[in-house]
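Chemist: Could you build all of it, start to finish, from the sequences and the hints given here?
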Amino acid sequence: MSKLQSQKNYEVLREQFKKERDPERRVVSLCAGSGCGAYGTQEVRRALEQEVLKNGLKGKVEIKVTGCHGFCEQGPIMVIYPEGIFYPKVKPEDIPEIVAKTIVNGEVIENKLYKDPLSKKRILKEKDVPFYRQQLRIVFGNNGLIDPTNIDDYISMDGYSALVKALFTMSPEEVILAIKESGLRGRGGGGFPTGIKWETCRKAHGDIRYVMCNADEGDPGAYMDRSLLEGNSHSVLEGMIIGAYAIGSNQGFVYVRNEYPLAVKNLGIGIKQAEEYGLLGKNILGSGFDFTVKISRGGGAFVCGESTALMRSLEGKVGRPRAKYIHTVDKGYRESPSALNNVETWANVPIIINNGPEWYASLGTEKSKGTKVFSLVGKVRNTGLVEVPMGTSLRTIIYDIGGGIPKKKKFKAVQTGGPSGGCIPEDFLDLPVDYERLAEVGSIMGSGGMIVMDQDNCMVDLARYFVDFLKNESCGQCTPCREGITQMSEILTDICEGNGKEGDIELLEELATMIKRFSLCGLGKTAPNSVLTTLLYFREEYQAHIRDKKCPAGVCKALFHYEVDEELCNGCHLCALKCPQEAVTGEKKKPHHIDQDKCIKCSICYEACKFDAILIK
Amino acid sequence: MISRRYRSKYSTTNAHVSLTLISYSGLVKLVILKSMERITAIKGEPQVKIEPIDTVYLDEVLEQNMQDPENLIMILQDISAKYNYLPREVLKYVVERLNVPMSLIYSAATFYKAFSLTPRGKYIINVCLGTACHVRGAEKIKESLEERLNIHEGETTEDLKFTLETVRCLGCCALGPVITVNETSYGGLDRGKAIKIIKQYEDET
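Protein chains in written order, with my numbering: chain E, 1 to 617; chain W, 1001 to 1205.
It cannot be assumed that every hint is accurate.
[Unchecked claim] Coverage of chain E stretches by chain W, computed from C-beta distances (three or more under 8 Å per stretch; other residues unrestricted): (1) 6-13; (2) 30-38; (3) 211-220; (4) 258-271; (5) 297-303; (6) 308-316.
[To be verified] Here are the computed lysine-lysine pairs in the BS3-like style, where the Cα-Cα straight-line distance is at most 27 Å: (7) W/K1140 / E/K294; (8) W/K1140 / E/K407; (9) W/K1140 / E/K409; (10) E/K324 / W/K1113.
[As the list claims (entries may be wrong)] Chain W is faced by these chain E residues, among others (derived, beta-carbon under 10 Å): (11) L385; (12) E473; (13) F560.
Read the hints as simulated data drawn from the structure, not as lab findings.
Note that CB positions come from ideal geometry on N, CA and C, so glycine has one too.
Modeler: As structure tokens, then:
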């Protein structure tokens, strides 16, 4: 393929690709995101390829291995076009039937369709599944439709048309103005207005400018950046090229976690293909604008998600943040003006340029525009990636899209924003999710992790978990963060082990205030949030741990034991069979008994009992 | 205010010696303790064979990274990918070729979680301890693997077959709890399933 030399060249090519992709042709789209991958997409793919060959369908059926469809709970996911028939949880042994019936004859296999757990009805199409129905998938929607390793697919869906529009019909200032008017804010957590960041960077003093993509997705429980890079890296690259044009930069970096090998691979393929088409490199589409992108693989340090630390890490140094008297848009990488945005932020840019800032600004709330991708995980029925307009309520996300809490358990809290975020209790379920409202209740948007917890989760243990996490990830250069978090961790561990003392809660609050005020970077400044919000909303749980020496949720091993409710126990003996310690004894059809000396509180009996006869005391 | 309360609360116990916020003697103790730990760590290092340096591979890696110290982290990752850890002999070679001090490499190698200065097993098991996995019982998976392999987190079995590590998040949050063995992910685990997976690798000849 020779390089595209002009706008006209691009348009001709795009039309050609569109023509080649007859909407009526038979396409089998198979999700190969990390979620479905772990459930066995590759085995399904091999089985499908063999079956297609065996039936002499080669050339008549296109097998499209795509990025993440979002509904990871149901993986591996298969969608058969042109009808759009949706088969979740496909296994290799299902393939012969699917090929023979659906692919050859277009016949629907009823019992393989998705069954809505609430209405018990079978649902034919992906878009009608309740999980997808209430979403607005403008950033994430193309993931399931394109092959991430084939740029032609992306171009056939009007990919890179926003770049053409920006390069040939807009000045850099007009691009910045459009982004400003759209109201786009940083999706990595801070929520800083993207347009203002670009403008400051453009005006900053310096000859060389850099644009960067932050794909060091460190928040545990958030994986939308991974899925975007794996499934549609071109949308991120297109955003970056447009950003570079607006800012006046010729060199870009993507700082991506090495723990995401597929993202690194697909992004590498994306960059190479864009270069071959002349969409990256020297004189892009004959416009005279040069831009190259380099991938930098991170070494696995949470703090490197912080802008100054990330830039030091890019320089090959230890990723320690610096004080931001001077912002990175003025002096960042190699002391030059640098604009760093998150993966999702970059992926929003082409959408804004294509549809216009007014359209984008019509989505969302007063101060938070557009959509946001959340990773809805934890104790929720439909786990996966969810894209909704800003301002959608937590209840809609967790109950309507997420399907509520499984196993008839009770909702307890939702944790947003990763380790820097906070826990939101049931009282705030109707809260519209945007930057301001989450901050009002003590949490943050963060990169969009949303971890749902039920009655079996202990909030003190959760606070300890986050504080421990941050203790390990603190870079160690400033004392309030390094030592303060360590102390909080020790106090919380004491509480969880039954050694909590009166006054510990007040001490935690005091420490939290100190760490928040005096830490150098965002990691320390937000580190106490999980402790503060759990103290605010679940103080009685802390008190139960300290005063009564009880863990009501049955998580902190030193503070509870299991007992059999003799009335509820019907002696089915299942728990006794499963107990690895042989601590449960009893005759069949008679109430059982747990020997407390033998019990290691592994919770196997508690989870196994179908009659709720095992009690946490 | 904080400092006074701190001292009264913690200065008497050895367990809280790391409290350097206020107590200078505490700081000195901490430094001594830490340096002793380091010395024992070096002494206790298993005696392994000196790795033969594959200069062809290393030159290729350095070439790909343009021999630029700025790409140090990626160079170390590539070395790690080949040897499973960062052998001292290899690092010495990198020092010569990049013309940087060993201290720079040492600081990067000990700061980032991806690197290890001691040999790791053929199979590196990573237990995801991300929040989504945590709330679904990742700790229990970790405990059962520790029991099965008879090693703790961060350690390697004597036969150099398995290394058990934890990772902050693998980004497969919808399937928690998740572990990876080298590059293969396994999701939706409980104790039984996790042990079964390890057994597959154990049985392999």
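Chemist: Are there three or more residues in the region 30-38 of chain E whose C-beta lies closer than 8 Å to some C-beta of chain W?
Modeler: Check passed, 4 qualifying residues.
Chemist: When you check the alpha-carbon spacing of W/K1140 and E/K407, does it fall within 27 Å?
Modeler: With Cα atoms ~20 Å apart, W/K1140 and E/K407 stay inside 27 Å; holds.
Chemist: Below or equal to 27 Å on CA atoms is what counts here, so check W/K1140 against E/K409.
Modeler: holds, 20 Å
Chemist: Is the interface hint for E/L385 satisfied, with its Cβ closer than 10 Å to some Cβ of chain W?
Modeler: Hint on E/L385: holds, closest Cβ of chain W at ~8 Å, below 10 Å.
Chemist: Test coverage of the region 211-220 of chain E by chain W using CB-CB distances below 8 Å; three residues minimum.
Modeler: holds (count 4)
Chemist: Are there at least three residues in the region 308-316 of chain E whose beta carbon sits under 8 Å from a beta carbon of chain W?
Modeler: Coverage by chain W holds for the region 308-316 of chain E (4 residues, Cβ < 8 Å).
Chemist: Holds or violated: is the Cβ of E/E473 closer than 10 Å to a Cβ in chain W?
Modeler: holds, 7 Å
Chemist: Using a Cβ cutoff of 8 Å, are there at least 3 residues of the region 297-303 of chain E near chain W, or does the coverage claim fail?
Modeler: With 6 residues close enough to chain W, the hint holds.
Chemist: Given the proposed pairing of W/K1140 with E/K294, does the C-alpha separation stay at or below 27 Å?
Modeler: violated, 40 Å
Chemist: Measuring from the C-beta of E/F560 to each C-beta in chain W, is the shortest one below 10 Å?
Modeler: violated, 15 Å
Chemist: Check the hint pairing E/K324 with W/K1113 against an upper bound of 27 Å on the C-alpha distance.
Modeler: holds, 25 Å
Chemist: For the region 258-271 of chain E, does the count of residues with a C-beta closer than 8 Å to a C-beta of chain W reach 3?
Modeler: holds (count 4)
Of the hints listed earlier, those the structure fails to meet are numbers 1, 7 and 13, in rising order.
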